[in-house]
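Chemist: Chains as they are written, first to last, in the working numbering: chain A, 1 to 356; chain B, 1 to 356.
By construction, these hints were calculated from the structure, which means they are not laboratory data. We treat Cβ as the ideally placed atom computed from N, Cα and C, and that holds for glycine. You may find that some hints are simply not true.
Stated by the list, open to error - Restraint-style ranges between C-beta atoms, simulated for each label pair:
1. A:L285 x B:D139: 44 to 54 Å
2. B:E317 x A:D322: 50 to 60 Å
3. B:E282 x A:H287: 17 to 27 Å
4. B:D139 x A:T352: 28 to 38 Å
5. A:V94 x B:D322: 36 to 46 Å
2 protein chains.
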Amino acid sequence: MSTDNTTETAEASTTDTESKCGASEARSASEASGEAASTSEAETSTDTSSSKCGGSTTDTSSESKCGASTSDSSSSSKCGASSSDDEEEVGATVDDFDADPGRLIAVGLGPGQPEGMTTRAKKALADAEHIVGYTTYIDLVPDEITDEADDIYSTPMCGEVSRTEEAIDRALAGNDVAIVGSGDPNVYALAGLALEILESKGGTASAVDFEVVPGVPAAQSCGARLGAPLVNDTVSVSLSDHLTPMEEIESRLHAIAPEGFTIAIYNPWSRKRRENFQRCCEILLEHRDEDTPVGIVHGASRDDEATHITDLGTLPELGEEDIIDMTTTIIVGNEDTYVWDDRMVTPRGYETKYDY
Amino acid sequence: MSTDNTTETAEASTTDTESKCGASEARSASEASGEAASTSEAETSTDTSSSKCGGSTTDTSSESKCGASTSDSSSSSKCGASSSDDEEEVGATVDDFDADPGRLIAVGLGPGQPEGMTTRAKKALADAEHIVGYTTYIDLVPDEITDEADDIYSTPMCGEVSRTEEAIDRALAGNDVAIVGSGDPNVYALAGLALEILESKGGTASAVDFEVVPGVPAAQSCGARLGAPLVNDTVSVSLSDHLTPMEEIESRLHAIAPEGFTIAIYNPWSRKRRENFQRCCEILLEHRDEDTPVGIVHGASRDDEATHITDLGTLPELGEEDIIDMTTTIIVGNEDTYVWDDRMVTPRGYETKYDY
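From just these sequences and the hints, can you work out the full model?
Modeler: See the structure below:
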């Protein structure tokens, strides 16, 4: 696990980031970064061994109506495959499934703990025959829901691509499947990957009645903990360069920093790319005052939860502090943002119209 | 009402925008734009007449522990006060309240219908003695919650400033108060205004144990309806120039359009400022291809709900179509966004690492 902890990916660590504002206290840093390690380390055989579908050709007649996969490799993710030499191959296609497709729904759990879930999300999970997700997030789903599911497919770490394909294969095989993640499925998360893989398999979104159930994103969960830092135009930017080149990230930071946006920074730090955080601080300081308020939320609702309000000039010094790691989201204020009574406040502009 | 419909404000119409992805079907366009008109039209006496607190000096001994206000004007919002001549004056200050303060919590209802609420939001409202909000959103709170509250303070239209002050006065008077809005309290909403007014009254956030309960923002609610358009770095920008000068809005659009951001456009249109939408389209087209996918979500979950996927080149022609009004959110894709099976998909970048 220690080696797994040394790496992460954009989506995975953001999935992790998504959960940290209200993550399960039972969740340990190693579990968190374990998922974060998902596409950067060779995956264990957990996927295949626990697979009810897709990767296993021996279960095609099982009661869980799983479909055939033409290749075991389909559920054995090459984590962090960074060269064509170990690209992941998609296994089953729609032609491998005889049954009428079931449903596929991507469900956002929100902050992470059950009370952060919407009623609609709980109902969608309760209606699903199969629930697929990273073990840490499956553990956040209330027992009364998981106990009623025909099958739960979870991977303890690694493999969001293989896990997503597994969910799709199960839906194509006729099961009603929910794939879960914390936060919102549209925020650095799996809704897009699900549609991309579904298309690659020759399927269609409409055939599996693909639906996304939104959840509260980390930016809003963490903004709430800081007060009201995000009530005006806002940008969400991830510092992970695993799937986006750092030069593009830097260009985006240069573009937004001079404007009046508040900024929610996802994936600010990892053991493998500490320099991205420092580079981000340098760019922001080129355009914004050193006294610009900055809110840091680390591992919210976890044993090591910490919320800290500082300023942009001090932020670089905190890069090596415990409060900034891969479970942290950072919110940078705009030129109007101020700190009052330990809260960050970004005025909406009413003070220009009203006297209060 | 028809005149109210002709105007809106950033926060108010965004509060409205927030609700349209999953708004109550009982909610009519006029109700929606009625709230939207809140700070642009002289307010009726509804606030004062229905006020249990703040603006009324006759209720200070009522069982709802309402505090004194030194001025009736405190709950009579001058909607859209745009000059110092008719600025709103804050009424009661902390010195006017003898009781120990109660609690003040800003609760986001999410998409708008009860099933879009989180369990935490429902619990916060159930625990509140007073619930304050725009009538349309109060109506979205389950009856079992509102029936249990000591008092509900709602305004049918107009007055988010006076309504917010009312909520604060009630908390300062010793009541546990929840102020509600759709979407998230941090997204163009009332969390910031509540802290600003609280400070202006000489109060502190800690004294009323101020808390924000996040909800699902409109960008995520609408993104979910379109598929997966927002899975990479994203900007939220409002086109309302009521509280933000149009030149600043244009500068922000020029800054983000050349970068790889997906863009969630709030408040794209109102009868009073139709030109902002056309100007936004012109700026985006200066930097992005005409075939850039654009998703339009209008009045979701309402009788007139409509979701339409088009391209940036066609968008300007739709400015006068019914689908684009003050209940619409527009999502503009980035250079990688594509349309497949009636869904918008913004790749996260996995295709560069995996073969699927």
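Chemist: Next, verify each hint and record whether it holds.
Modeler: These are the hints, each one checked on the structure:
1. At roughly 47 Å, the beta carbons of L285 of chain A and D139 of chain B sit within the given window of 44 to 54 Å.
2. For E317 of chain B paired with D322 of chain A, a C-beta distance near 54 Å keeps the hint of 50 to 60 Å intact.
3. At roughly 26 Å, the beta-carbon separation of E282 of chain B and H287 of chain A lies within the given 17 to 27 Å, and the hint holds.
4. The hint said 28 to 38 Å for the Cβ distance between D139 of chain B and T352 of chain A, and at roughly 31 Å that hint holds.
5. For the hinted restraint 36 to 46 Å between V94 of chain A and D322 of chain B, the CB-CB distance of approximately 38 Å keeps it satisfied.
The structure agrees with every numbered hint stated previously.
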